[in-house]
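Q: As a plain string of letters, each chain reads:
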Amino acid sequence: MKKLINAIDDVVKEQLEGMAVAHPDLIKVHFEPNFVYRADAPVSGKVAVISGGGSGHEPMHGGFVGMGMLDAACPGEVFTSPTPDQMYEAAKMVDGGAGVLYLVKNYTGDVLNFETAAELAFAEGVKVQSILIDDDTAVKDSLYTAGRRGVGTTVLVEKIVGGAAEAKYPLDKLSDLARKANMYGRSIGIALTSCTVPAAGKPTFDLGPNEFEFGIGIHGEPGRERFDMKTADEITEMMAAAIIDDGPYTRTVREWDNDSGEWVEKKLTDDPLKSGDEVIAFVNSMGGTPVSELYAIYRKLAEICKGKGLKIVRNLIGPYITSLDMAGCSITLMKTDAEILKFWDAPVKTPGLRWGV
Amino acid sequence: MKKLINAIDDVVKEQLEGMAVAHPDLIKVHFEPNFVYRADAPVSGKVAVISGGGSGHEPMHGGFVGMGMLDAACPGEVFTSPTPDQMYEAAKMVDGGAGVLYLVKNYTGDVLNFETAAELAFAEGVKVQSILIDDDTAVKDSLYTAGRRGVGTTVLVEKIVGGAAEAKYPLDKLSDLARKANMYGRSIGIALTSCTVPAAGKPTFDLGPNEFEFGIGIHGEPGRERFDMKTADEITEMMAAAIIDDGPYTRTVREWDNDSGEWVEKKLTDDPLKSGDEVIAFVNSMGGTPVSELYAIYRKLAEICKGKGLKIVRNLIGPYITSLDMAGCSITLMKTDAEILKFWDAPVKTPGLRWGV
Amino acid sequence: MVTRDQIVQWLNNLAEVLAENKEYLTDLDSAIGDADHGINMNRGFKKVIEKLPSVADTDIGNILKTTGMTLISSVGGASGPLYGTFFMRSGMALQAKQELDDGDLYQMLESGVEGIVQRGRPVLGDKTMFDAWSPALEALKAATANGDNTITALEKSVMAAEQGMKDTIPMQARKGRASYLGERSIGHQDPGATSSYLMLKTLLETLQAE
Amino acid sequence: MVTRDQIVQWLNNLAEVLAENKEYLTDLDSAIGDADHGINMNRGFKKVIEKLPSVADTDIGNILKTTGMTLISSVGGASGPLYGTFFMRSGMALQAKQELDDGDLYQMLESGVEGIVQRGRPVLGDKTMFDAWSPALEALKAATANGDNTITALEKSVMAAEQGMKDTIPMQARKGRASYLGERSIGHQDPGATSSYLMLKTLLETLQAE
Ligand SMILES: Nc1ncnc2c1ncn2[C@@H]1O[C@H](COP(=O)(O)OP(=O)(O)O)[C@@H](O)[C@H]1O
Ligand SMILES: Nc1ncnc2c1ncn2[C@@H]1O[C@H](COP(=O)(O)OP(=O)(O)O)[C@@H](O)[C@H]1O
Ligand SMILES: [Mg+2]
Ligand SMILES: [Mg+2]
Ligand SMILES: [Mg+2]
Ligand SMILES: [Mg+2]
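Protein chains in written order, with our numbering: chain A, 1 to 357; chain B, 1 to 357; chain C, 1 to 210; chain D, 1 to 210.
Because the hints were derived from the structure by calculation, they are not lab data.
There could be a bad hint or two in this list.
[Stated by the list, open to error] Label-pair ranges, simulated between beta-carbon atoms:
1. B:9 to A:206: 27 to 33 Å
2. B:234 to C:209: 45 to 51 Å
3. B:311 to D:183: 46 to 52 Å
4. B:211 to D:20: 32 to 38 Å
5. D:138 to B:228: 46 to 52 Å
6. B:225 to A:241: 47 to 53 Å
7. A:24 to B:45: 47 to 53 Å
8. A:313 to C:121: 49 to 55 Å
The C-beta atom is built at its ideal place from N, Cα and C for all residues, glycine as well.
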């Protein structure tokens with residue numbers, strides 16, 4: 001393993017220190033418990049949007065803290081969910097009086113820890129909600145699995161919800177938007193190589209020189225299937241099909257009821273993409289794949305979408321939700337409407353995403 | 001070799017096609033000869049800023065075409081200088097009547113091809129200038145070598161000069177700014193792995209599992225020296241020393257005289273950085289190194305700069321001038337003044353760099 | 001009777017055992033998860049050890065609750081809240097106790113496992129830590145009803161946990177990260193079931209050592 | 001006398017030779033450069049071959065100029081403008097010629113090499129293509145002065161080019177990409193000197209074939 005790191009135990013801490021000195025105008029970093037938060041937090045009267053998860057996906061989430069996106073991000077150890085105290089302390093720091101919305105990627109660890117945090121924050125009198133991101137079509141059903149993982153859609157939801165929060169959406173309306181945006185988004189990922197977790201010191205899985213993994217997550221997990229290497233066009237076709245041909249997806253989520261102070265279960269089903277839909281297309285590098293190759297993927301993806309009657313109205317291309325040094329990419333297509341587009345286009349000023357200001 | 005590509009001969013073409021469909025609002029792509037140009041070119045009364053070089057450094061240069069940066073970029077084959085007809089045709093396409101400034105990275109191939117292009121453009125009645133970028137402190141002297149390579153400073157110069165061109169700087173003043181910014185910038189790069197040129201199919205050089213190359217360029221060339229792997233802090237110290245302790249550097253450049261229609265030689269010497277200087281710090285990934293590791297580097301770099309009395313007033317952190325899939329990074333420090341800062345901060349809207357709009 | 005000191009000793013021993021098994025648990029997790037279970041458990045119990053001295057002379061309930069809170073705020077991942085809740089609940093069931101009879105011991109484990117179930121909602125056969133705990137609890141209950149003494153009953157329970165752990169090998173995971181692998185999760189032992197087995201086995205060994 | 005058809009044949013043969021040596025030249029370039037010299041030369045001469053039919057029945061000057069312009073607009077890198085200028089200049093020196101006597105042949109090569117020198121400003125010992133051309137030109141001049149016939153003179157010239165090419169091995173590069181390597185460039189044969197040697201050798205073999 002060759003990485004630009006010092007002691008393995010300091011990896012996350014030192015990267016956060018680097019972020020803090022690099023972007024003092026945009027963010028601050030709190031240590032023990034660790035979280036990144038907006039330099040101007042709390043913003044009074046605005047719902048605070050908080051996300052978090054294991055480290056190793058940079059720029060997500062810490063790089064998306066700032067005006068128009070997240071109010072705080074809680075980084076765990078590499079690929080390990082953060083702990084409730086991080087999320088709870090972050091909430092207290094950035095709550096501007098209008099409540100806190102947790103955006104939670106659907107992994108058992110993240111869900112359980114954020115649930116505890118929401119309970120703690122509520123107990124302190126903070127209005128909270130927790131919306132699940134679960135968009136990975138590589139996971140087929142939610143009955144015999146932990147449900148779809150939260151992957152590429154997370155970045156888009158954070159941007160859109162962050163924009164709406166800036167526009168002073170109240171907590172309920174913001175939660176509705178977050179839920180809708182998540183249900184509009186679908187993703188699939190592939191890996192050409194494994195990544196190497198610093199603490200493990202060796203690649204998480206082995207891939208032959210002529211193989212790739214199809215349907216990977218973002219934690220170095222092996223994928224749904226392994227194939228012999230194919231051309232960019234063929235791989236893009238497989239990926240696009242996994243998203244576009246995906247049927248309706250149903251899952252039960254737990255959301256918080258601020259009146260009863262209890263979790264309530266909701267059964268949600270999202271509809272497949274269909275001809276005529278307008279979409280945001282997001283082609284993402286897993287870390288080791290250069291942007292030039294992403295454009296080769298985007299080229300074919302645009303052609304396929306056109307053929308299927310999907311109109312790409314916005315796009316994002318680059319390394320935004322990564323898996324350390326893994327070579328590979330993911331595609332996310334999110335159906336849009338006027339509300340989503342408006343907040344996608346809204347100004348954003350974070351270390352990792354910036355436009356309009 | 002595993003890459004997201006189709007036929008090797010189509011790699012550059014298809015990436016350009018991908019860029020064209022992805023960013024029709026910002027850029028257009030011309031094929032045969034290949035160049036990327038501003039969607040709104042020519043901008044009347046504005047000097048057209050054109051750069052180019054081998055492909056494989058994405059997002060540079062094509063990703064930096066757009067408002068506030070380049071008017072056109074000429075991509076060669078992977079790691080191979082483009083040809084004069086590309087540069088000349090690009091000039092004719094984007095010239096808004098105020099002349100053309102070529103920003104040329106100092107490689108024999110780029111220099112020779114851009115010289116021919118400048119001669120051709122001048123012969124067609126276009127006022128031209130050609131400013132050399134040569135900032136790589138890994139190359140010690142210009143007497144017994146082809147001179148310092150153009151590396152990280154290129155990105156900064158393109159941004160600054162692009163901003164000034166947008167503000168309607170005339171060609172002479174713009175050339176002076178470009179020359180100054182280049183002379184203010186110094187860089188050094190390291191590699192943890194080689195990159196793999198698609199047409200070659202195998203890594204350009206071999207590096208042991210516990211080695212790194214110090215003083216690399218951006219074309220997969222081996223570096224100045226090979227060392228046993230070190231910590232991020234130690235590597236940052238070596239890199240910072242290469243830049244900060246670097247003495248005065250003298251070279252002879254050829255610039256165009258629009259009156260006599262001839263090349264004239266100029267001897268230029270730039271001064272070392274010194275305590276009290278304000279700098280832009282640019283920590284760049286070579287492609288395969290994730291941004292999280294760049295922050296570990298930045299953290300130490302900020303500490304070192306502070307110790308040396310260098311004040312970092314702006315920074316840029318990410319993969320901007322890459323070497324395909326190479327793992328590694330480079331550091332650039334550019335001394336600034338009010339003029340440079342003004343145009344660094346000016347709005348920019350390109351596929352690869354965007355702020356202020 | 002299990003004394004307060006024995007409980008403290010158990011937690012200390014467990015920290016050592018988990019440190020020794022850090023790589024083993026992580027390797028199990030790299031086959032069907034994300035290669036961190038050993039690292040997570042080790043990080044958590046190192047923190048527990050740091051905290052223990054400050055509560056070691058309170059009561060067992062408080063010691064266990066502190067352990068739970070420490071795990072929750074230092075482990076993360078799925079196992080953090082699950083084991084954290086395990087100890088929080090077991091502690092809550094043993095408020096103010098300075099020593100435990102057989103009934104208390106069962107109560108401790110049962111309340112802990114109930115906490116796991118409430119948080120993670122595993123069912124038998126999901127290929128989780130619950131597949132080790134469930135048969136272990138049953139065996140403990142049966143042995144106690146049978147009149148076995150504490151050590152013998154715990155021995156039977158540990159054997160059941162070991163069997164439960166091994167039984168996760170042919171299972172297809174339906175919970176946690178391993179469930180994403182579908183059929184590819186078959187043939188691997190669940191890391192959480194393994195750490196749970198180690199937990200119980202270390203309890204037995206701690207009590208045997210007296 | 002060298003005929004126009006022989007010049008066309010030379011260029012066709014050269015395209016084949018460069019295709020055969022694509023990997024070899026690229027390997028040489030990966031040791032001290034950026035691993036593209038063979039790819040560059042092959043791309044350029046494939047284009048030349050496409051263009052040749054349209055000018056093959058004009059004059060030698062025009063054929064060579066067209067070759068040069070094609071190389072300039074298709075090769076890129078350092079070798080594109082250098083070899084492009086070589087052929088542009090050799091063509092300009094032979095305006096309207098339909099065949100070449102020994103003096104013309106020398107003129108062709110000398111003008112070409114002058115073009116390389118003007119563009120790249122190499123001096124002897126810089127470890128470039130010039131280190132093959134310079135001794136080759138000298139040998140050709142001496143042999144012609146000595147009264148050798150075309151073939152014999154060219155044979156001597158090719159031998160000198162080969163020696164010049166090999167002499168680049170111990171040199172430390174001072175021009176082009178290899179110069180960045182400093183002392184690490186020592187011990188490797190220059191790719192451009194190698195392609196230049198192949199160019200001259202192929203000319204000889206083309207003339208010998210009659
Ligand atoms: N829903 C659940 N209920 C009970 N146990 C679970 C559940 N999900 C996961 N686990 C257990 O957690 C273990 C993984 O823990 P760990 O690797 O530390 O967390 P993570 O999966 O977040 O990386 C699994 O081996 C399994 O035993
Ligand atoms: N200044 C120069 N003068 C003469 N020949 C040069 C000069 N610079 C480079 N060369 C020749 O060019 C060759 C490299 O060509 P090539 O690999 O095609 O271009 P690049 O170096 O741009 O990749 C070198 O081997 C050398 O012979
Ligand atoms: Mg984990
Ligand atoms: Mg080259
Ligand atoms: Mg795990
Ligand atoms: Mg080369």
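Q: State for each hint whether it applies.
A: Results of checking the hints against the structure:
1. The given range of 27 to 33 Å is respected by residue 9 of chain B and residue 206 of chain A, whose C-beta atoms sit roughly 31 Å from each other.
2. In this structure the supplied range 45 to 51 Å holds for residue 234 of chain B paired with residue 209 of chain C, their Cβ-Cβ distance being about 46 Å.
3. Distance hint check for residue 311 of chain B and residue 183 of chain D: the Cβ-Cβ separation is about 38 Å, which falls outside the suggested range of 46 to 52 Å.
4. As the Cβ distance of residue 211 of chain B to residue 20 of chain D is approximately 35 Å, the hint placing it in 32 to 38 Å holds.
5. Restraint check, residue 138 of chain D to residue 228 of chain B: a C-beta distance of roughly 48 Å satisfies the suggested window 46 to 52 Å.
6. Residue 225 of chain B and residue 241 of chain A have their C-beta atoms about 49 Å apart, which keeps the hinted 47 to 53 Å range intact.
7. Between residue 24 of chain A and residue 45 of chain B the beta carbons are some 39 Å apart, a value that contradicts the proposed interval 47 to 53 Å.
8. Taking 49 to 55 Å as the suggested C-beta distance range, the pair residue 313 of chain A and residue 121 of chain C does not conform, at roughly 40 Å.
In the structure shown, a violation is registered for the earlier hints numbered 3, 7, 8, in ascending order.
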